[in-house]
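Visitor: This is what each chain is made of:
2 protein chains.
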Amino acid sequence: MSRWAVILAGGVGSRFWPLSTPKRPKQLLPLITDTPLLADTVARLAELVPAERTLVVTNASLAAAVRELLPALLAENVIAEPRAAGTAPALAWAAAAVARRGRADDVILNVHADWAIGDSVEFRATLARAAVVAEHEQSLVTVGIVPTRPDPGFGYIEPGEAIGGADAEGARRVARFAEKPSRDVAAKMVADGFLWNSGIFVWRADVFLAEVRAHTPEVASALALAESGDLAAFFASVKSISVDEGVLERSSRVLVLPGDFGWDDVGTWAALHRVRARDGAGNATYGDVHSVFSTNNVVHAEAGSVVLYGVDDLVVVTRDGMTLVTTKDRAAELKLLLDALPARVRDRS
Amino acid sequence: MSRWAVILAGGVGSRFWPLSTPKRPKQLLPLITDTPLLADTVARLAELVPAERTLVVTNASLAAAVRELLPALLAENVIAEPRAAGTAPALAWAAAAVARRGRADDVILNVHADWAIGDSVEFRATLARAAVVAEHEQSLVTVGIVPTRPDPGFGYIEPGEAIGGADAEGARRVARFAEKPSRDVAAKMVADGFLWNSGIFVWRADVFLAEVRAHTPEVASALALAESGDLAAFFASVKSISVDEGVLERSSRVLVLPGDFGWDDVGTWAALHRVRARDGAGNATYGDVHSVFSTNNVVHAEAGSVVLYGVDDLVVVTRDGMTLVTTKDRAAELKLLLDALPARVRDRS
Numbered sequence: 000m001s002r003w004a005v006i007l008a009g010g011v012g013s014r015f016w017p018l019s020t021p022k023r024p025k026q027l028l029p030l031i032t033d034t035p036l037l038a039d040t041v042a043r044l045a046e047l048v049p050a051e052r053t054l055v056v057t058n059a060s061l062a063a064a065v066r067e068l069l070p071a072l073l074a075e076n077v078i079a080e081p082r083a084a085g086t087a088p089a090l091a092w093a094a095a096a097v098a099r100r101g102r103a104d105d106v107i108l109n110v111h112a113d114w115a116i117g118d119s120v121e122f123r124a125t126l127a128r129a130a131v132v133a134e135h136e137q138s139l140v141t142v143g144i145v146p147t148r149p150d151p152g153f154g155y156i157e158p159g160e161a162i163g164g165a166d167a168e169g170a171r172r173v174a175r176f177a178e179k180p181s182r183d184v185a186a187k188m189v190a191d192g193f194l195w196n197s198g199i200f201v202w203r204a205d206v207f208l209a210e211v212r213a214h215t216p217e218v219a220s221a222l223a224l225a226e227s228g229d230l231a232a233f234f235a236s237v238k239s240i241s242v243d244e245g246v247l248e249r250s251s252r253v254l255v256l257p258g259d260f261g262w263d264d265v266g267t268w269a270a271l272h273r274v275r276a277r278d279g280a281g282n283a284t285y286g287d288v289h290s291v292f293s294t295n296n297v298v299h300a301e302a303g304s305v306v307l308y309g310v311d312d313l314v315v316v317t318r319d320g321m322t323l324v325t326t327k328d329r330a331a332e333l334k335l336l337l338d339a340l341p342a343r344v345r346d347r348s
Numbered sequence: 000m001s002r003w004a005v006i007l008a009g010g011v012g013s014r015f016w017p018l019s020t021p022k023r024p025k026q027l028l029p030l031i032t033d034t035p036l037l038a039d040t041v042a043r044l045a046e047l048v049p050a051e052r053t054l055v056v057t058n059a060s061l062a063a064a065v066r067e068l069l070p071a072l073l074a075e076n077v078i079a080e081p082r083a084a085g086t087a088p089a090l091a092w093a094a095a096a097v098a099r100r101g102r103a104d105d106v107i108l109n110v111h112a113d114w115a116i117g118d119s120v121e122f123r124a125t126l127a128r129a130a131v132v133a134e135h136e137q138s139l140v141t142v143g144i145v146p147t148r149p150d151p152g153f154g155y156i157e158p159g160e161a162i163g164g165a166d167a168e169g170a171r172r173v174a175r176f177a178e179k180p181s182r183d184v185a186a187k188m189v190a191d192g193f194l195w196n197s198g199i200f201v202w203r204a205d206v207f208l209a210e211v212r213a214h215t216p217e218v219a220s221a222l223a224l225a226e227s228g229d230l231a232a233f234f235a236s237v238k239s240i241s242v243d244e245g246v247l248e249r250s251s252r253v254l255v256l257p258g259d260f261g262w263d264d265v266g267t268w269a270a271l272h273r274v275r276a277r278d279g280a281g282n283a284t285y286g287d288v289h290s291v292f293s294t295n296n297v298v299h300a301e302a303g304s305v306v307l308y309g310v311d312d313l314v315v316v317t318r319d320g321m322t323l324v325t326t327k328d329r330a331a332e333l334k335l336l337l338d339a340l341p342a343r344v345r346d347r348s
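Protein chains in written order, with the numbering used here: chain B, 0 to 348; chain U, 0 to 348.
Note that these hints are calculated values from the structure, not bench results. Please note that a few of the clues may not be correct.
Identical chains blur together in the list; that is why a pair holds if it fits in one copy or across any two.
[As the list claims (entries may be wrong)] Calculated cross-link-like contacts (lysine to aspartate or glutamate; reagent style EDC-like; alpha-carbon spacing at most 20 Å):
1. LYS327 x ASP312
2. LYS327 x ASP311
3. LYS179 x ASP205
4. LYS334 x ASP264
Predicted model only: the values in this text are computed from it and were never measured.
Work out the full structure: start from the sequences and follow the hints.
Guide: In structure tokens, the structure reads:
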């Protein structure tokens with residue numbers, strides 16, 4: 000069997016406004032290092048999976064930009080969804096593509112394009128262990144992140160009974176998936192050993208497709224179209240549904256393997272302060288930024304130079320023709336801002 | 000006799016960095032209204048003095064920009080100082096030019112190009128009264144501003160005995176000029192009826208030149224060169240000195256006339272908050288600025304749009320390729336910042 004990587008890169012989020020736009024979403028921006036998140040993701044996986052077995056699933060409108068960013072990938076490895084239909088159809092299509100191009104029992108490492116990973120070595124080691132578990136247990140393996148704080152912004156996984164065997168690698172059954180909790184409930188979950196639901200999933204193509212066929216009628220009825228490679232007909236036929244709701248919460252073959260490698264989903268400008276390198280005064284910056292008597296700011300200078308003088312805990316973002324100045328607290332709720340802005344300012348692409 | 004205006008427009012201050020540069024100093028920037036300060040100053044005087052009797056004294060390096068900004072002025076009315084020599088030589092040259100082109104007893108209204116004037120009608124009325132006093136009393140009339148706060152950033156004038164006569168208009172002798180005081184001393188001066196030394200001076204050309212000849216050897220020895228119109232030789236010959244130190248503090252013909260018309264010298268970005276129009280949330284803005292949940296900021300958006308979200312009491316300045324974010328407090332001491340910046344950032348022109 001071979002290992003494949005499937006990278007979901009379909010987001011069109013506006014949480015990194017004014018930098019992120021429908022044509023230039025988060026995963027195409029250099030938010031954590033000085034290269035775009037998607038390019039970082041592919042590079043991080045390269046030691047585990049060669050380019051010819053790396054698939055990127057993205058929106059049709061982004062496919063050209065993705066292919067330009069990743070010239071080492073075959074054009075056919077960039078899968079252009081004709082419409083956004085949630086993660087279950089995307090991962091089912093990818094599994095069918097793997098089974099068609101490789102072998103039915105090939106193992107797939109499914110990840111998202113827009114995460115921060117603090118420790119790439121441990122990340123790869125965990126995925127390699129998950130691949131062993133997925134292959135030998137014929138299970139859907141989720142990687143559950145050991146929490147570093149009671150974050151109410153993530154879903155949680157309650158680990159259940161341990162499974163035995165030399166190849167189980169510490170995997171456990173999933174007792175339950177929990178939606179994003181309140182801050183108080185999150186604190187209790189962290190104390191009780193719950194893990195963050197990272198969205199990292201590892202499975203054999205045939206095992207996942209069997210579970211979809213058994214539990215996910217929203218997608219199963221179109222699987223023959225995926226198996227025959229008819230992308231347009233498949234996406235026209237499926238119903239939108241997430242893999243969590245449509246497969247993982249319905250299947251009894253789900254395991255969770257703990258992971259601890261500085262994973263973060265980087266949902267807001269403020270989150271960059273956690274995951275970017277910081278200067279001695281705690282400023283996380285990109286571009287030509289000069290900070291004087293200024294601490295703990297997040298600055299993303301895509302256009303020109305930014306000079307900070309005597310300011311703290313701000314978020315400053317510049318792009319051609321646009322400057323945003325806000326606080327790290329406010330940056331977590333950009334929607335209120337976007338609702339208040341005139342369309343000509345908000346929608347500048 | 001006729002009235003003339005002399006506008007000093009020679010400053011090269013960096014207090015409005017990054018907008019102000021040696022090639023584009025404060026007086027050429029639209030800091031208070033949406034037109035440059037110098038153009039506002041000329042317009043404000045136009046009802047008192049026609050363009051043909053309005054002289055602008057500026058640096059040689061700025062003369063072309065000044066002539067472009069003020070196309071209604073004769074080119075010869077823009078006087079290009081070959082070097083900065085302080086206000087005494089500049090005003091002596093201007094007085095000699097007035098005497099040469101008009102009459103020796105013509106009255107000159109001397110002002111600076113970079114002030115805010117809240118009430119232009121009262122400003123003109125005060126200057127017209129000062130002109131009457133200057134003509135009839137044959138005195139050097141300074142306009143002393145009625146203070147609105149104990150500002151330690153200005154010089155102060157202590158009014159002395161009243162002078163009589165129907166044309167005295169409330170003018171008094173000057174008891175003394177006081178340098179910039181401490182904040183405590185400023186509060187006492189305001190309570191004791193001291194006035195701000197505005198730098199607005201009104202005098203007859205011949206009276207001023209006689210006082211220079213009597214009291215200011217640094218300039219007097221070169222006056223013949225001014226009277227013959229040899230600009231280069233005059234400025235090569237004079238010693239640098241201010242009119243306050245070189246003439247007003249040495250002369251016994253100095254009067255002060257109170258003025259109350261919203262004068263401000265607008266020395267810092269923070270001062271713009273006092274003198275610019277403000278929105279309902281107290282934000283003083285220039286350019287395409289959008290403020291949401293943000294109060295009492297100063298924003299000057301020369302380049303592109305600026306969006307503020309949940310921030311207060313900041314100064315945000317954008318120009319092509321450069322964004323400054325600081326606080327109103329810090330903006331009063333930009334020198335500390337400029338000393339800390341690399342030259343390639345600080346000196347971008």
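Visitor: Are the hints correct? Go through all of them and say.
Guide: Do the hints match the structure? See the list:
no.	hint	in the structure
1	LYS327 x ASP312	both (6 Å within a copy, 16 Å between copies)
2	LYS327 x ASP311	both (10 Å within a copy, 14 Å between copies)
3	LYS179 x ASP205	neither (30 Å within a copy, 84 Å between copies)
4	LYS334 x ASP264	within (18 Å within a copy, 41 Å between copies)
When the structure is compared with the earlier hints, a violation turns up for hint 3 alone.
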